[in-house]
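Chemist: This is what each chain is made of:
2 protein chains.
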Amino acid sequence: MFPLADRKLVEVCYTPGQYHLYKEQFEIVVVIDVLRATSAIASALHNGVDKIIPVSSVEEARAYQAQGYIAAAERDGQVVEGFPFGNSPYAFMDESLKGKTVVLTTTNGTKAIQMASDRKTVVIGCLNNLQALCDYLIKEHKNTLILASGWKDKINLEDTICGGAIADILLESRKFRADEDSTVAAKFIYRSAKQHLWSFLRSSSHRRRLIKLNIQKDVKYCLTLNTIDTIPILKDGAIVKLETND
Amino acid sequence: MFPLADRKLVEVCYTPGQYHLYKEQFEIVVVIDVLRATSAIASALHNGVDKIIPVSSVEEARAYQAQGYIAAAERDGQVVEGFPFGNSPYAFMDESLKGKTVVLTTTNGTKAIQMASDRKTVVIGCLNNLQALCDYLIKEHKNTLILASGWKDKINLEDTICGGAIADILLESRKFRADEDSTVAAKFIYRSAKQHLWSFLRSSSHRRRLIKLNIQKDVKYCLTLNTIDTIPILKDGAIVKLETND
Numbered sequence: 039m040f041p042l043a044d045r046k047l048v049e050v051c052y053t054p055g056q057y058h059l060y061k062e063q064f065e066i067v068v069v070i071d072v073l074r075a076t077s078a079i080a081s082a083l084h085n086g087v088d089k090i091i092p093v094s095s096v097e098e099a100r101a102y103q104a105q106g107y108i109a110a111a112e113r114d115g116q117v118v119e120g121f122p123f124g125n126s127p128y129a130f131m132d133e134s135l136k137g138k139t140v141v142l143t144t145t146n147g148t149k150a151i152q153m154a155s156d157r158k159t160v161v162i163g164c165l166n167n168l169q170a171l172c173d174y175l176i177k178e179h180k181n182t183l184i185l186a187s188g189w190k191d192k193i194n195l196e197d198t199i200c201g202g203a204i205a206d207i208l209l210e211s212r213k214f215r216a217d218e219d220s221t222v223a224a225k226f227i228y229r230s231a232k233q234h235l236w237s238f239l240r241s242s243s244h245r246r247r248l249i250k251l252n253i254q255k256d257v258k259y260c261l262t263l264n265t266i267d268t269i270p271i272l273k274d275g276a277i278v279k280l281e282t283n284d
Numbered sequence: 039m040f041p042l043a044d045r046k047l048v049e050v051c052y053t054p055g056q057y058h059l060y061k062e063q064f065e066i067v068v069v070i071d072v073l074r075a076t077s078a079i080a081s082a083l084h085n086g087v088d089k090i091i092p093v094s095s096v097e098e099a100r101a102y103q104a105q106g107y108i109a110a111a112e113r114d115g116q117v118v119e120g121f122p123f124g125n126s127p128y129a130f131m132d133e134s135l136k137g138k139t140v141v142l143t144t145t146n147g148t149k150a151i152q153m154a155s156d157r158k159t160v161v162i163g164c165l166n167n168l169q170a171l172c173d174y175l176i177k178e179h180k181n182t183l184i185l186a187s188g189w190k191d192k193i194n195l196e197d198t199i200c201g202g203a204i205a206d207i208l209l210e211s212r213k214f215r216a217d218e219d220s221t222v223a224a225k226f227i228y229r230s231a232k233q234h235l236w237s238f239l240r241s242s243s244h245r246r247r248l249i250k251l252n253i254q255k256d257v258k259y260c261l262t263l264n265t266i267d268t269i270p271i272l273k274d275g276a277i278v279k280l281e282t283n284d
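Protein chains in written order, with the working numbering: chain A, 39 to 284; chain B, 39 to 284.
Some hints here could point you the wrong way.
Because identical chains cannot be distinguished in the list, a pair is counted as satisfied if it fits within a single copy or across any two copies.
Said to hold, decoys possible - Listed below are the simulated DSSO-like cross-link pairs for lysine-lysine, each with C-alpha atoms no more than 27 Å apart in a straight line:
hint : residue 1 : residue 2
1    : K273      : K250
2    : K250      : K213
3    : K180      : K213
4    : K136      : K273
5    : K61       : K250
6    : K255      : K138
7    : K192      : K158
8    : K232      : K250
9    : K61       : K213
10   : K180      : K138
11   : K192      : K61
12   : K190      : K61
13   : K89       : K279
14   : K46       : K190
15   : K46       : K250
16   : K250      : K192
17   : K213      : K89
18   : K213      : K192
19   : K158      : K46
20   : K213      : K232
21   : K192      : K232
Keep in mind the hints are simulated off the structure, nothing from the lab.
All chains, please: the whole structure from these sequences, using the hints.
Modeler: Shown next, in the form of structure tokens:
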């Protein structure tokens, strides 16, 4: 049904620093920061937050705060002083945030979102919305780049695994193809990891960092597959919930 | 015997473009370009070539050629016009090259070697000299960075697998530790691949490119483990065979 020539590309880029090497051919970019920015964003919108405005710097977040916005800021896994919360998904589930707009800056994820905003469509991926996101991407059937946020321009395991999972599902649909070794490698890492995600990620430096920060509850939440069907999408500089009739 | 604090680092960097993010802590850099530069260099020295002078540009190679040097140049998998050979390991085994100095420039590998020359020790790795190289690295017991040449600043599978193999062997010695997710991921890719390296690399874009160039014989040679015990090392700008009393 889909000969190779009709298949769309799906590729995984491991870090924002490599984005320029990949981006040209893609109409859709999926930004991933499993621990924890994109998991938090998806959960926030799923739980009734109206909009998330992603900003790159703490200064921008402060400027919004000065204008009366609710703003959240995380650097190196911790809440930045002067902000009520950082990127914990649980913080974004608070009843008081329903219907509200939240400004967010994080170490890696919001920078990747800003960077990807030069493409036509930017959606937000995590393990929590994996299957719903893949169903959407298969239905859209466009050249799709998965941009992992990484950790300070280096690869991280959890984003690579999530990117590999998306690529694997899209490739299995036989409507997509991959040309890059980064995509093939991510798919194999995901397949190695998927039966024992938690113990696999014990190897991850990032997870070790997070254990020090006492956020095991967050980590368990972020590493659980298919708990929500919300797909966050960037529209006019803000992230909102994709409506099925969009 | 080696508590964690006494272990040395072994890390894998996937591309020259990320080298600056890694290099500071390392005394030894292992440069890898399995298909085909570092496999060719190791084979050349193993078969009696005296020295390889790695240069980054075709222009530099031409300048040496004009001075009477034997020079080899490869770009995009093919021999550059005006040069007798590129980076085929078999070309470097020619009897006429015994005892000679050869100047070499390749698409990825020689650039990575030049880049790594800011560290104290630079050695050359490939699958052909895997075990001999690891024995040396374990004996030296210094902070060791494996620099994969990649393909035009993107990751490639064969270098990542080779880097993962070296990291795996060093970590198994219990004298080394790894902090980076890139290293953990490379180790898992190697473990996924090692029982069926040839079929695994069928997924590799790079190998597909090389099949088009009709160099299957070279590819099979480069993907064969532990055929030689030569360790090439950079000394005063030229790559020579490491002597055991070095």
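Chemist: Would you mind marking each hint as holding or not holding in the structure?
Modeler: Verification of the hints:
no.	hint	in the structure
1	K273 x K250	neither (36 Å within a copy, 43 Å between copies)
2	K250 x K213	between (42 Å within a copy, 25 Å between copies)
3	K180 x K213	within (10 Å within a copy, 48 Å between copies)
4	K136 x K273	within (19 Å within a copy, 65 Å between copies)
5	K61 x K250	between (35 Å within a copy, 26 Å between copies)
6	K255 x K138	within (25 Å within a copy, 63 Å between copies)
7	K192 x K158	both (26 Å within a copy, 24 Å between copies)
8	K232 x K250	within (24 Å within a copy, 34 Å between copies)
9	K61 x K213	within (20 Å within a copy, 41 Å between copies)
10	K180 x K138	neither (32 Å within a copy, 54 Å between copies)
11	K192 x K61	both (18 Å within a copy, 13 Å between copies)
12	K190 x K61	both (19 Å within a copy, 15 Å between copies)
13	K89 x K279	within (8 Å within a copy, 62 Å between copies)
14	K46 x K190	between (30 Å within a copy, 23 Å between copies)
15	K46 x K250	between (42 Å within a copy, 22 Å between copies)
16	K250 x K192	within (20 Å within a copy, 32 Å between copies)
17	K213 x K89	neither (32 Å within a copy, 50 Å between copies)
18	K213 x K192	between (30 Å within a copy, 24 Å between copies)
19	K158 x K46	within (16 Å within a copy, 46 Å between copies)
20	K213 x K232	within (23 Å within a copy, 29 Å between copies)
21	K192 x K232	both (22 Å within a copy, 25 Å between copies)
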